[in-house]
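Once you've looked at the hints, dock chain X against the given chain U.
Residue numbers (this note's numbering), protein chains in the order written: chain U, 1 to 761; chain X, 1 to 184.
There may be inaccurate statements among the hints.
The list that follows gives simulated cross-link-like pairs (lysine-lysine, DSSO-like), each with its CA atoms no further than 27 Å apart [to be verified]:
#1 U/K686 to X/K143
#2 X/K169 to U/K5
#3 U/K674 to X/K143
#4 X/K174 to X/K143
#5 U/K272 to U/K751
No lab work stands behind these hints, which were simulated from the structure alone.
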Amino acid sequence: MKPTKESELNLSGATRYLDDLPATEGMLYGVPLTSPCARGLLRGIDASAALALDASVSVLTASDIPGENQLGEAVSDESLLVDGEWSYLGQCLALALAATPSLARKAAALVRIVYDELEAVTDARAAAESGSFILPSRTMRSGDPASAFSRCAIVVEGRVESGGQEHVYLEAQGAIAESLEGGRVRVVSGTQAPSGVQRAIARTLGLGMHDVEVEARRLGGAFGGKEDQAAQWAALAALGAARTGKTVKVYLNRREDMNWTGKRHPYSSDYKLGLDAEGRILAYEADYYQNSGACCDLSPAILSRTLFHAASAYRIPNLRVTGRMCRTNLPPFTAFRGFGAPQGVFVIECALDAAAREGGWDPVELRLKNLLAEGDSFHFGQPVADCRARRTVDRTLELSRWTELRAEIDSFNSAHRLVKRGAAILPICFGVSFTKLVMNQGGALVHVYGDGSVSVSTGAVEMGQQVARKIQVIAARSLGIPEGLVRVESTRTASVANTYSTAASTGSDINGMAALAACEEIRGRLLGLAARMLGADKGELRIESGFVTKGCEITELAWKELVDKAHLDRIDLSAHGFYATPGLFYDMKAERGSPFAYHVYGCSAVTATLDALRGTYRFDEAFIVHDVGESIDYDVDLGQVEGAFAQGLGWAALEDLRYDERGRLLSDTLSTYKLPDLRFMPSAVKIEFLEGAPNPKAVMRSKAIGEPPLLYGIAGYFAILDALRAVDRTHPTKAPSSAPYAYDLPMTPEKALDFIQGVRR
Amino acid sequence: MQKNEAASSRERGIRIRVNGQWRDFALGDDLSASTTLAYLLRERLGFTGLKVSCDEGACGACTVLEDGAAVLSCMVLAVEADGHDIQTIEGLPADDPVVEAFAEQSEPGFGTALQCGYCTPGFVMTARALLNANPSPTLAEVKEALGGNICRCGCYAGIARAVLNASAKIAARKAGAAAPGGRA
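Here chain X stands alone, though its shape is the one from the complex:
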C-alpha cells in the first residue's frame, strides 16, 4: 500500500540531480508546472549563486549547467529538467580551472574578471560549458559563447582573458597528467 503511494507520488513528481545529489520534488507541494528551474534551485534548494536578473533569458546571470551544457535557468521549467544533471556554481570545486582563472585574473592591460560580482556565477558557468565543449577556444569563440552574458560593470577584457587562461590551465593539467610522474 505504502509502496503504491510512493510510486504514484513519483509519477506526479520529478527527480533532478543537483550538484551530484538526486533530489525528488512532488508536484503540488514543492512545485507547479510553471515553476522555473531558477526558482527551484534558489528558493527550494538555497543555491543562490545563480541570479535572476532580467528573468527573460537576456542577461545570462542565471546560467547553470544541464548535462554539462549551459542553460538559462530562468527560461527552463523545473519539470523539463526531470532526470537531468544540473550543476550550479556551488557545485564547482575551488580548483576548477575556470573558478581559479576568474579568481586569479589580474593582468596589466586587462584587469580583473569581476567587479560587483553579480554576473560572475553566470559568466563562470557559461565559460565552463564552453570549455566542456571546446577546451581550447579562440578569442572570437569566447566572445561568441559569452555574448549572451551581461556584465554592467563592463570588465569584459578581464573576463575574456580569464576564460583563455582557464583553457590554458586545462591544457597544462592534461599535459601534467599525461607526463610520466605528473600529477593526476
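Next up, chain U with everything else stripped away, as it sits in the complex:
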C-alpha cells in the first residue's frame, strides 16, 4: 500500500519524463523547419529533396492545418506554421516527420524555402520610436507627481537596463501526440497549462475540446517557460498525429529550445524619484520599455505585474508609471518566475540607490524610512493589510548583524586596495493572485478507493515545486489519514477541466483549496455514516491518524473499515472540489481595485567580495527572512526560497542573454550561457521563516512561495556595486566616461571591470 516516494523513483532512475517514455510501434518524430532570419516573407516551400530521403518522411505546412492557424489568445498574432510573413528567427515554417529523430532533422534541413528578407528591429526603444507596440501603453497613477516634484529637496533621474533570462528548464520542450479513433487525439505535453494546450490543439485541428485529452506528467523544470510556449510543440505533434494517423513525438534539443523559445523580458526604463530633505519619497515616475518580442504571448499580463510592483515595498504617495509593450523581431518573450515584478522592482531600487548617493543617506536608513506599513495603500488603491515589511527587515538586520557587518566591510575596504567587499539589503513585497481575474479558479477530483487508498487530481502541474507534495499533505490532513494513503495524480484535462496554468505562485493556494473542498465533502459523508454506526452525534466525530475519534477518545472504527462500509451502503466515495479566490476585483479603466488576495513580504542581505584588478567577484553570504505564513512543508518551502534566490542572483549578476543586431541568439548553448552552479552560490545562505505569521487568506494559513524569493537576488547586484564603489578609481586606465552611471543588469565581470577602469561611472 505504501506508494513509492517520487524522490526514490528519481534516485533509481525510474521517473519517466517525456523523453523517457518508450517509443511505440510506428512512432514518428517531428522536427520543425524554422525561419532563417528575424523577419521575412515566405514565398514558397519545396520539400522534394526531403521527401526523397526516406519513405517515412512527410512534410506539413500551413495548408495542412485543418482548423485555425493561430495560437495567440490575447492577440491573434501567432500562427502555428507561418503562411506569409514571419517575425522572428526560429519561427516554425513547416514540420518534417520521419521514423527516427535524426532522419526527421535531416529531412527538415533538406526542405528548401524561397523568401524575401525584410528589415527587422530588435531594440525595444527603437521599436517604440517607430510606433511598433503589441497593445496600447498602460499607466497607473496615484496622487499628483508633477506638483509633488516641485516640493522635493532632491530629485534623481536616470536610465535602467535589465537583461533577459533563459529558463534552462533541464527538460526541454516537447510533446507526444497519439491519434485515436474518430479523429480524437491524446497528448502528453510538457506544459504548465494542460487546458491551454487542449484549447490550442482543438483550435488548430478544428476539434471540440472533448476530442482532445492532454496530460502533463512530472516536468523537469518549467519556471514559466512552459506556461504559454508549450502549446506550439504540442499542437505540432497533434497536427502530425492528425495528418498521419500515427503517434508523433516532438522533442527539442537544447540549442533548438534556446533559439526558438521565449525568455524573461528585457526592459529598458527611465526613472525620476523625488524626496524631501529628510529622505521621504514624495514622487516617483517610471517609463518601462518592455521588449515583448514578436508576438503578444503573455506580455500584457507581465507588464501589468511590473506596474503593480513599481513601488515594491515602499510608500510612494505620488506616482505615475507607464509601461509599453514594444514589438520587436525576437522570439516572443514570456513568463519567467517573477513575471515582470523583478524588472519593476529593480528600477525603484536603482532610483533609491541613486537618491541615497545624491542625498548622502545611508541606503538602509533610506529604505526603512520609506517602508510600507499597515494603513498605507498601494498605488492601485488596495489597502496594505497584515503588513510584514518592517518585521522581516528588522529580523534580517539582526540575523546578518548588519551594523557590525557594515563596519567590518568598511574597515576591510580601508585595509585592502585590490580586494573590496560590499553588501546590500533588499526588502520585498509581492502580490499573490493572477492579475487576470478569470485565472483565479481551480478544480479537483478526489476518489477514495474501496481499499481506503486515495487518488487526488487537480489542475496543478508538478514541475519540481513539489505542489503534489503539498496537496498530498492537505488531503491527508483533511481526511485524517496517513500521507502514504494519498496519491496525487498527473494532471489530465479529462479529470479536471477548464483549469489555468500552474503559475503566479498560486499552484497550491488554488488547487490545494479545491482538493480540500473535495476532501471535506467526502469526509462529511463518511462522518455521517460513522455517526450512524457509532450512535454518536456527527459534530463530535473526527478522523485522525486513520481512526474515527469521538471527543478525545479514539474509537475502534478504522478508516478502511469505514470506507468499506460506505461502499456497501452505496455512499459516493468521490467528490469534485472547486475554488475561486474570493474578494478580488479590478477596474482596468480607473486602474483601481484589489487584484491580490494578499502580499508576501521578506528581506535579504547579500555580501560580495570583488577582485578590483579583474572585475571578478564571489558572493560570500546571504541572509533571508521570508514570510511564508504557516509552512505546509518546511523542506519544500526552504527549497523554493533557495532556488528562487539562485535564479534571481543568476539574473542579477551572471546570466548574459545576448542577441546580435539581426536578432540571432548568441548565447544559445550552455557553454555560452552561464548559469548558477555550486561554486557561484554564496558560501553560506541562511534562510529563516518569519515566525508566528499565519495567513488567513490561503490554504492551511500558508502563503504562496514560488516567485517572491526570486527578488532577493537583486541584492546581489547592489552588493557588487557597493564593492565597486570602494575601489580607488583615481587612475583610470581608459578614457573616463562623462555619462552618469547607468544601471545595467546583469552585473557581469565585464561590466564590473568597465566600472573599475572608469568607463562606467
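Relative to the frame of chain U, chain X by itself:
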C-alpha cells in the same frame, strides 16, 4: 565457418559492461562510429535515468561512471567505451550511501537534495565518483567536483550537504564493518 563469422563480427563490434552485464554491439545495426555512449545507454538499452539535457558536456545530467570515474556520456563515443565498465544510476543499489543520503536529505537550513529531479541522476553519479576517489572530501572539494553539474531548481545547499552526509555514511559503515561484531 559460423565461428569465423562470429569472430569477424566481434572485430567490427564492441563489448561494454553495463551495470554488471557484458553487452555486445555490432557496428552497423546497433551503432555507428558517431553513436554516443548516452544514446547507446538510453535508446538501445533503456537506461533512461541519465538525461541528455545540454548535449555538449556543460550540464552534467548525463554523467555515468566509467571504471568508477565520472564521464559525461553525451561526450563519449560508444566505441570509446569498448571494454570498459559502465555504471548508470539504475546500477546503484538502493542502499548505496549516496542514493540514501540524497533520499534522506532534509535538514533545517539546507532543504532537500532534489526538486524536479531531472539533474539528480547526474549529480548522484558525479558524487559517487568523487567518493570513490576521495571518501572524505571537504565542502570545497565537493563544490569543485560537482561544479560541472547544473541544478536549475537551485537546491545546491541540500545537494552539497547530501554528499557530505554520504561521506559520513561510508565512514560509519567502514567503522561498523571493522568493529568486532559489526555488520559487514
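Handout entry: List of violated hint numbers, smallest to largest
Key = none
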